[in-house]
Amino acid sequence: MSLKIKLQTGSVCVCVWVRCAGAGDQNLFTALYGSLTQQLPREPMEWRRSYGRAPKMIYLEANFVQFKEELLPKEGNKALLTFPFLHIYWTDCCDTEVYKASVKEDMQRWQAALRLHGSVDWLIAVVESDNKKKNKTNILPRTSIVDKIRNDFCNKQSDRCVSLCDPLKESSRSQESWSSFLTKLRTLLLMSFTRNLGRFEDDMRTLREKRTEPGWSFCDYFMVQEELAFVFEMLQQFEEALVQYDELDALFTQYVLNFGAGDGANWLGSFCQPVRSWNGLLLRRPIDMEKRDLIQRGEASLLDLRSYLFSRQCTLLIFLQRPWEVTARALELLHNCVQELRLLEVCFSPPHLWGIFQTCLGCFWATFGACFRHLLGHILTMFWAYFRQVWGVFGPCLGRVSGVPQSPYKKLKEALSSVEAFEKHYLELSHAAMEMYRAIGRLRSARLLGKSLAEFYMRKGDPQSAENFLLDSLKSYVSESWSLPLTHTRKQIAECQKQLQKMDEYLQTSALLASDTNLSEEERRHFCQEILTFASQTAEDARVALSMSSVTRLQELCFRPSSALVHVSAALLLELRLCSLMPVPVTLEHISASIHFTEEQPGSTAQKRAAQNPDGTVTFPAASPASASALELCEMLEHSPSDNTLSSAGLACRNMHLLMRRNDSATSLDTPNTALTALALEDGAQMLRASDVTLSPGNNSIVFTSQKPGVYTLRQLCATLGRVQLVLPHLYPVVQYEVYSQEPQLSIQPLTEHLLAGLPQQVKFTILTGHYSVKKGDALQLSNTDSMPVLHSSTRSARILSSSAELVAESALSIQSSEKVTSISLPVTPPYHTLEFLLDVLCHIPSCPARMESERLTNGQIIPQKQLWLQQSGCRVSVDCPWSIYSTLVSLTFHVPFKVKHSLLSVGRRKFIQVCLQNVSDTNFRLTNQTLTENQHTPSLELLSLNTTTHSQCVFSVWELRWSGVSPVSLHCEFSASFAPADAPDAALKPYRYHFTLERVSTLLSVCAEIRPAEGEQDCRTGALCRLEVSLTRLSEPSDSDEEYSDTDGLRTTRLLYEVIDNNSNWAVCGKSSGVVSMPVAAMATHKVHMEVMPLFAGHLPFPSIRLFKYLPHHASPVIPPDTDSCLENDSLSLDDQAETASLRSRGSVQSLGSGESAQPRGPMPKRQAFGPGQVFNGTQGQQVLVLPAADHHLMEVNVT
Amino acid sequence: EVLCCANYPLYIRSVPTQGELKFHYTVHTSLDVVEEKISGVGKALADQRELYLGLLYPTEDYKVYGYMTNSKVKFVIVVDSSNTSLRDNEIRSMFRKLHNSFTDVMCNPFYNPGDPIQSKAFDSIVSTMMVQAF
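As they're listed, the protein sequences go chains P and E. Using the UniProt record's numbering, read the first sequence as starting at 1 and increasing by one per residue. Using the UniProt record's numbering, read the second sequence as starting at 1 and increasing by one per residue.
Mixed in with the good hints there might be a few duds.
Going by beta-carbon spacing under 8 Å, a handful of chain P positions derived as facing chain E [to be verified]:
(1) 443
(2) 445
(3) 488
(4) 491
(5) 558
(6) 562
Pairwise CB distance ranges (calculated) [stated by the list, open to error]:
(7) E:123 with P:573: 25 to 31 Å
(8) E:123 with P:298: 24 to 30 Å
(9) P:198 with E:37: 41 to 47 Å
(10) E:123 with P:806: 31 to 37 Å
(11) E:123 with P:500: 40 to 46 Å
(12) E:20 with P:652: 42 to 48 Å
(13) E:123 with P:501: 32 to 38 Å
(14) P:211 with E:22: 35 to 41 Å
(15) P:468 with E:123: 53 to 59 Å
(16) P:694 with E:22: 37 to 43 Å
(17) E:123 with P:424: 24 to 30 Å
The set of hints was computed from the structure by calculation and includes no laboratory data. Ideal placement from N, C-alpha and C gives every residue a C-beta, glycine not left out.
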């Protein structure tokens, strides 16, 4: 029986050596062999294992081999597969005699041989046959052959001897014995297998530990461990089989690494032989015996060993249903092999990559064919990419390799048959790999691959195809600003574009490369020269526009003057600071800045020039990706529209639209290639030009000037260089300047703060000539008005100032006056200059005051200084200017320097008129010659002056009014005085007139009062109630219009409201402080009112004020009398006073008035009306009463008023 | 052979210098894998604290390791495949050192985040690390 390794799934194949006694027994076994091999693996056995490994159910399979003593394995033979796990001795001897004669002896010899080889696993099978028993008569019934054998051989192991009953028969007894025999056989086999496997593993470990000893060979050890792997594989323990190979792999790798580190082992020598060929891997065969033999003989090369190991690992992985690992490991293997060959310093040349390549292909088809594509994903992609790379490396050698090794793969053979086919496959591979990278989201890898594909196309002379790949990868480097790859790719693009004759793009790329600092000076010069050469060519094609930002950097822009605001004829200098990135100086024919006229009002641009510094410079940010993405924050303050208070403050991001946009989809504006299309020059735009500019490397400055009027925004920069134009399409931040054209303007300003009427005043004429130049003979025509004559003065000169307020000239001014116009001839003045001169004017004081509003404001209130200018007189001057057909109206306001006030004073029936003339201006005046006349010249009237002559700033004059007969109803008076500035002579005195009218002059009522101490008291004392007696006396009958009458009982009466209030807090009015009385309309009618007051202080106290009003019932007066206002104001004033002081003092008054006041606006209430001045004579004014302090006061408080 | 970057490079340094371009390409491509790894890590919450991304991918010549800070700044170390003295642990500690130094750079008030790193201290740290490693 020959040895065979049978790989049946799920079973262990063990070797059983059979010894048969005699020829007959041999036949017996042959008869049993068939059913034995068939039935043994039918049932599984539980395999318990050492080292705590999990038990497994396995099927046992056996090879039965005839026993030959000389073939018994020697000590140290590690072949596990051919190892005799169990020895069976077969016999069908049933005759004791025969047994004793021959069989026993044979058995003993067999046993001895086994013992010699240390084999303890044996079994004796005795086959009993009924037929044989019947033939023999001398059978001992009690001691069978089996018992004898047991006695002789199995001392303690009675189970080592088994009897089989008629195995070839179909009886139940024979079946039973057969199955128990099989069970026993399985058990023993498994026992032996386990024991031997354990011993094998131990031996293997021992061998491994010896690896540092000299003479140890990896190949030998490899064979031993692989044996174990085979066993596990047979047991279908693929995982463990794989572990064995992985251990071998790791061990070998470690050795190679150690070798690389200088720790070489002898046995490695055989692996260091130069690689002659590597025929790749054949994964179709489970075991590559050819290579295995090489390893066994120690003749394998590194690649042989590696590929054998790998093929075994792959086989197991595929058994394990993990084909994706195959590709992963393949990639690792390939990288590893290349590394290791280097480490071992093995000579290694491209043709040897054949092997690697074939391995790739082999692996690929092995796995790809297995339809596991969806599981492979990333690994496969990377593998594929590597495959492509290898294929690419191989490409150039295609022609040189003679005798293409025979490849087992048809497709490969096909691919290698010609250059065309090869290239076709290469492209297919590349595109597939790129697609795969894209599919798994590795865009950068895909682009890198695309780039190398482009390199391939370039080599092939197909720049058309290469361009797109290059541009694609360029985009990704630009967007992530990887400068070195960017430069490299750009260089390739330049080459590609040059071949394609895409001049525009080529020049653009050259421009970028010329300014690329990653390149050497020489390369930069080359690219710069390319541009210059092209520029100097004369051709009729259109010009080529390049982005200026690629060769120069605009750093700063500077305006002179710094305000960037000039008038038309002035020079505006605009200095550009450009940093040239070119390696050599470049002479530009001209450089121009296109400007855009903005339809905006001058001045409104101020906010837009935020980027312009006060010193007139604008700094342009460097275009780096970091700064481009920086937040541009600005402060935001919001004021509420109503009261201008701050309602919110915050920060706003100005460039949010740039930051928030999606990064991937938006093409970067900075990339010159995309901007190229947008380089169109704005046609027809206005330009600033500078010619023959040389841009040397580094910083340059270029000066422009501008003169045309308008607000301009800088839009583009364009430099012309022969056929080439360098264009900067946008300027950011926005830069504006303004050249303005101004209309001539005339303004007339007072020289002093206020112009005073009545005195000659100086006014300043200012003419801004603007664009108008004042010619000889030009004159201002002032139309004369009566109220404001222009005064002539002999020497007047005009000053001419330049726009920067420097004095240019001074020239005399001549003024001619006719009846209607005053003509001022102007000196010759250039445009945008200022002409100034002074003129004296006089405004006559209007004789009648414009308004009478004096009385209300005299209540001791503090009136702001400006309000003292009671009278203002506006004068309008119409001026005809030479530059305009229209007249200019200039309005001047003159202030009357005096305040005049008149009042009517009464003493009983006697009347006095007081006029107060007060100087309210800052100028000192002399006031004199005051007179008062009555306009109507009524003969019965006489005005008696009671004045002395004064010259002070404030003149009070009093006249007594006397009349005979009927008292005058109204008086029209004219007050006149003379005034002059204090230092002026008498001749300069000018008259001042004041007209006023007095109404209701005569006294109607007289009020008398008396304060007496309480009855029984001698004096009035502080805190004691006193009696106040007010007597009202009618002095004359009123005229009809004056008072309201009511008839009661045939007696005509008027109703009067009286009111006692003490504003000085001297008195507390107790009880009712006001009341209404009916007053008969008859002369000398008297009415008395009594009330109680309490003095609060001691001393001579003035009387509380007693006021009298006309009392109008609510229905009576539909007309609101003109004095109601003042009346109410007085009330509110007194009310305020009372509210401020303690309410105790005049509570009654507060209450009554308060209620009256608050009720007033609500409905038709009774109203009160004041009497005209002089109609009531109050006798208590100036009257005082003596109040003594309270008797028991230790402290005397004396209040003298 | 060290670089830190956030898609656009902040700092690249390589010894020897002649293969610089190739390194740049390698590192740039490795960002693909870094991104892939982060998106994968994001799913497992437990792994989020781990900044070290491990071996990104091996090539014939180099091993590329990745690391990403919490602020998504990526560090990539490229090591020659033949350099076997560097184990995972060494790489990890190199990254940690790099990260510390990077943090120092960021703490500099004059450093504008996003600008290329020009710190001398950072330079010297990287140099020492390279001398030790290679």
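Results of checking the hints against the structure:
At its closest, the beta carbon of residue 443 of chain P sits 7 Å from a beta carbon of chain E; the interface hint therefore holds under the 8 Å criterion. The criterion of a C-beta within 8 Å of any C-beta in chain E is met by residue 445 of chain P, whose closest approach is roughly 5 Å, and the hint holds. Look at residue 488 of chain P: its Cβ gets to within about 6 Å of chain E, closer than 8 Å, so that hint holds up. Of the supplied interface hints, the one on residue 491 of chain P is violated, with its beta-carbon coming no nearer than about 11 Å to a beta-carbon of chain E, more than 8 Å.
Contact between residue 558 of chain P and chain E, as hinted, is not supported at the beta carbon level, the nearest pair being about 26 Å apart and thus beyond 8 Å. The interface hint given for residue 562 of chain P is violated, since its Cβ lies 29 Å from the closest Cβ of chain E, which is over the 8 Å cut-off. Between residue 123 of chain E and residue 573 of chain P, the C-beta spacing of about 45 Å breaks the proposed range 25 to 31 Å. A beta carbon spacing of about 53 Å between residue 123 of chain E and residue 298 of chain P contradicts the range 24 to 30 Å that was offered as a hint.
Checked against the hint of 41 to 47 Å, the pair residue 198 of chain P and residue 37 of chain E passes, with Cβ atoms roughly 44 Å apart. For residue 123 of chain E and residue 806 of chain P, the hinted distance range of 31 to 37 Å is not satisfied, since their beta carbons lie about 59 Å from each other. Take residue 123 of chain E and residue 500 of chain P: their Cβ atoms lie about 43 Å apart, and the range 40 to 46 Å holds. The given range of 42 to 48 Å is respected by residue 20 of chain E and residue 652 of chain P, whose C-beta atoms sit roughly 43 Å from each other.
Checked against the hint of 32 to 38 Å, the C-beta distance between residue 123 of chain E and residue 501 of chain P comes to roughly 46 Å, which is inconsistent with it. A beta carbon spacing of about 38 Å between residue 211 of chain P and residue 22 of chain E agrees with the range 35 to 41 Å that was offered as a hint. Between residue 468 of chain P and residue 123 of chain E, the C-beta spacing of about 39 Å breaks the proposed range 53 to 59 Å. Evaluation of the 37 to 43 Å hint for residue 694 of chain P and residue 22 of chain E yields a pass: the beta carbon distance comes to about 40 Å.
Judged by the Cβ atoms, the range 24 to 30 Å given for residue 123 of chain E and residue 424 of chain P is violated: they are separated by roughly 50 Å.
The earlier numbered hints that this structure contradicts are 4, 5, 6, 7, 8, 10, 13, 15 and 17.
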